[in-house]
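Following the hints, complete the assembly by docking chain W onto the known chain E.
Residue numbers (my numbering), protein chains in the order written: chain E, 1 to 315; chain W, 1 to 289.
Calculated directly from the structure, the hints in this document are not laboratory data.
Remember, it's a predicted structure, so these values are computed and weren't measured experimentally.
For every residue, glycine included, the Cβ atom is placed at its ideal position computed from N, Cα and C.
Treat the hints with care, since some could be wrong.
[Said to hold, decoys possible] Stretches of chain W that chain E covers, calculated by requiring three or more beta carbons in the stretch to come under 8 Å of a beta carbon on chain E:
(1) 31-37
(2) 42-54
(3) 137-144
(4) 167-180
(5) 206-217
(6) 238-244
(7) 252-259
[Claimed, not checked] If you want the ones that stay clear, here's a sample from chain W, every Cβ over 10 Å from chain E, calculated:
(8) Phe58
(9) Ser184
(10) Leu268
(11) Thr283
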Amino acid sequence: MNTKGQALKKVLPNNMLNKRKGSAPGLSSDKKLAVRLLTPTFILLALLTLFPIGYAVYISLSSFDTFGNHTGFVGLENFIKTLTNGTFWNSIYVTLLFTALAVGSQIFLGFNLALIMSRDSNAMKYLRWLLIIPMMLSPLVVAIVFRLMLNTDMGIINYMLQGLGLQKINFLGEPVLAFLSLVVVDIWQWTPMVFLIILAGMQSLPKDPFEAANIDGASKLQTIRYVMIPMLKPVIVVALVIRTMDALRTFDQVFVLTQGGPGRATETVSFLMYRQAMKFSEFGFASAGLLIVLVITIVISSLLIKLMNSSQAAN
Amino acid sequence: MAMISAKQEGWKIKLLRGSFLTTAIIFVLFPLYWMVITSFKTEGELFADKQTFFPENFTFQYYLDPVEGIFSPNNPFMQFFLNSTIVAFVSTLLCLTIGSFSAYSLARFKMKGKRNERLSFIILTARMLPPIVIVVPLYLIMQKLGLLNTLWAMLIVYTGFNLPFVVWMLKAFFEEIPDSLEESAMMDGSSRFMAFVKIVLPLALPGLVATSIFTIILTWNEFLFAMFLLNNTDVMTLPAGISTFITQYKTNWGALTAAASMSILPVLIFSFLVQKHLVKGMTMGAVKG
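The following block holds chain W by itself, in its conformation from the complex:
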């Protein structure tokens, strides 16, 4: 896009543009860099009067130490990681199954009047509710059901609260697939539902994958529900678990930054994979990227 052509630009504008961009890049990357290198510094270096921008004595103790390293069996970090993985993948699978049915229904069956829009809107309102409003009564309900401190509670909550996102995203993807394909399958005698499973779902595969990855990231990062509903380190997900490091080891910044760095690694990889669909994902299909 060259709406404002580059040739007419003076050196002043180029300089301004360059310095704004450089500042933005440093502003974004420095905190991440600082987090990662802090996890490789010895305690002496971390609290020294002179701060170092690169570790002088590179140490892996916060990762590999048999007692305090986050990868050691004594440290709950690997348990948190496992719990997060289970919760994220299972709830995403459930959410996509349930959500794809509804998304298909909203995308294809044109009901009378504005019913489609109204139903979509009702689903969207669930996304607008502030989580804090729900989590307090939900805590009491889960307590009565005996589901506090279980991964079941998290599976139910995340499946439900990611549904509006999944339905809206998949609706946008399904609407891009021409319905003539299903119609010809139905001419050949297959039912509407089978046409959806056999024709539409495979065609929408890139959309399904992108939506799953977004849902996994949302679940992976969620803190409020996890903190309320999980109080036992055996079942905590990563954000809830890492937050306990802050109070437990008040100044163990090495372990904290090591755990934080490891917890964002999967998200970075996943976000790289869905780059193409990021805008759609962030706006639930409202803006095409």
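Bound conformation, chain E alone:
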């Protein structure tokens, strides 16, 4: 057994590798090649995921002084501290509410936009490229642009509000408005992606059911509700899953726009973890939080994947 094989064994559950006994001799060289081609990927992924997570477990059980020096083991203290910490639960609440509002709006808007854009024409092709620009940009740059536009004194949005005879609004200084601003920025950047995925789904639907509905005298809304949406469900679920997983890790926009404030109104999990990790004495505390976040993410991801699989199986 060479070293590559041993490394792979560490990464993979046992039952995946010990099958080579019973196979036909002619296939064994193919099998070797298959494993060899996979090995570099698994080694690199293990080094970059399993190793850091293992290290995080070690840190979470340790205590540190203010210079970041390891000072001893504290058992599960850091986990208990995190789980009984109101700040931690606040960040979970902020993240979940943010994700629900942002992704929900994106699915609604993206679906309607796709419905409007679904007819083929040359003009639509160029429009489509214009509409999807936001999702290609760095979230950091997007946040900078919105920070400029939302500025209380020289921002264009407040200037236009004044033009309408309204008061200036300190968008990023009020808890609810700051939170909603983040949601709007996320909608701006990611609705195009949902739109594009749903549009691709719409364009690949068969035509017969629509003609049948038309003959049966169904109205347009009825056709959309009872024919189109059920057929599109798998595609909508794919968009939902991808967007939810990304929204749960929102960091860049918070970093630029609000730094988690005012108060803790916009402090997402990722931002809270960043803030704690910046204080060296709280490495252990931060790592415990990260591992809890990891568990929550695994639970949410597997629920989403179940949803995705069942929606695809239904079709």
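Chain W only, in chain E's frame:
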């Protein structure tokens, strides 16, 4: 596609459709327009009581000024741009090399049971991990290895974290190529690996190009890892570097928008090139575009 035929539409629906579309276009384009024109405004105009929708005194000072312009040698912007370019291209090259092997293996060698799917799924889980969970311990590990503030750290991180994406994308592209072609090459005596290099890779070239461009864009835009692992302006990539402008020159919006505008230019060009594959790229091959 004319599932709901256009003829039966009344003017009310047409109006509704038109206004929804117009609103969407303005909503999307205005922030971009505002960013670009702000970079051409003089400071006086920017902070004036009356905001202008087009610069009255067009200025290139934030780009070309020998002291504060982003293109001047005194400004770190060009260094950021260079670092981003190096990191994006080298890590993409590495990632595609490693990723194409694995993608080929998963696409072609049908292992017993559901092993293919399970292995693909293990690779995918790496994409689902929240980066913040990894970056804190990774910071400590890189510190021990002496790789903090080096582009090496970024090359390792980006090569690794883009691998799941690359493997899934290329797997989808390889599966579209009929395997009879490799088989006939193997009949002629070439090895399986050479058949992959000489037959499959050239055929999958459009897919390889599209995947590379996506990987370059992902790397170009990444902020969290860069911010944690790079603290020195000599090695910062664009997002990390631009973020330092926010605190350093708290109100220098001209320089900030100029840098932001320049940093998105390559992405716009690249995204135009991969338009055809966008949907596949965004869903890692789950939805065909």
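Consistency of the hints with the structure:
1. A count of 4 residues in the region 31-37 of chain W with a Cβ less than 8 Å from any Cβ of chain E is obtained; the coverage claim is therefore met, three being the minimum.
2. Counting residues of the region 42-54 of chain W whose CB falls under 8 Å from any CB of chain E gives 3; the rule of at least 3 is met.
3. Only residues whose C-beta sits within less than 8 Å of a C-beta in chain E count toward coverage, and the region 137-144 of chain W has 5 of them, enough to reach three; the restraint holds.
4. For a cut-off of 8 Å, the count of residues in the region 167-180 of chain W with a CB near a CB of chain E stands at 1, and the three-residue condition is violated.
5. Counting residues of the region 206-217 of chain W whose beta carbon lies closer than 8 Å to any beta carbon of chain E gives 1, which falls below the threshold of three, so the coverage claim is violated.
6. With 4 residues carrying a beta carbon less than 8 Å from a beta carbon of chain E, the region 238-244 of chain W meets the three-residue requirement, and the given coverage holds.
7. Figure legend: the region 252-259 of chain W, annotated as covered by chain E; annotation consistent (3 residues with Cβ-Cβ distances under 8 Å, at least 3 required).
8. Look at Phe58 (chain W): its CB is around 18 Å from the nearest CB on chain E, clear of 10 Å, so calling it non-interface holds up.
9. Annotated as non-interface, Ser184 (chain W) keeps its C-beta farther than 10 Å from every C-beta of chain E; the closest such distance is 17 Å.
10. Non-interface call for Leu268 (chain W) relative to chain E: violated, since the shortest CB-CB distance, roughly 7 Å, does not exceed 10 Å.
11. With a cut of 10 Å on Cβ distances, Thr283 (chain W) falls inside the contact zone with chain E, its closest approach being about 6 Å.
In summary, the numbered hints that this structure violates are 4, 5, 10 and 11.
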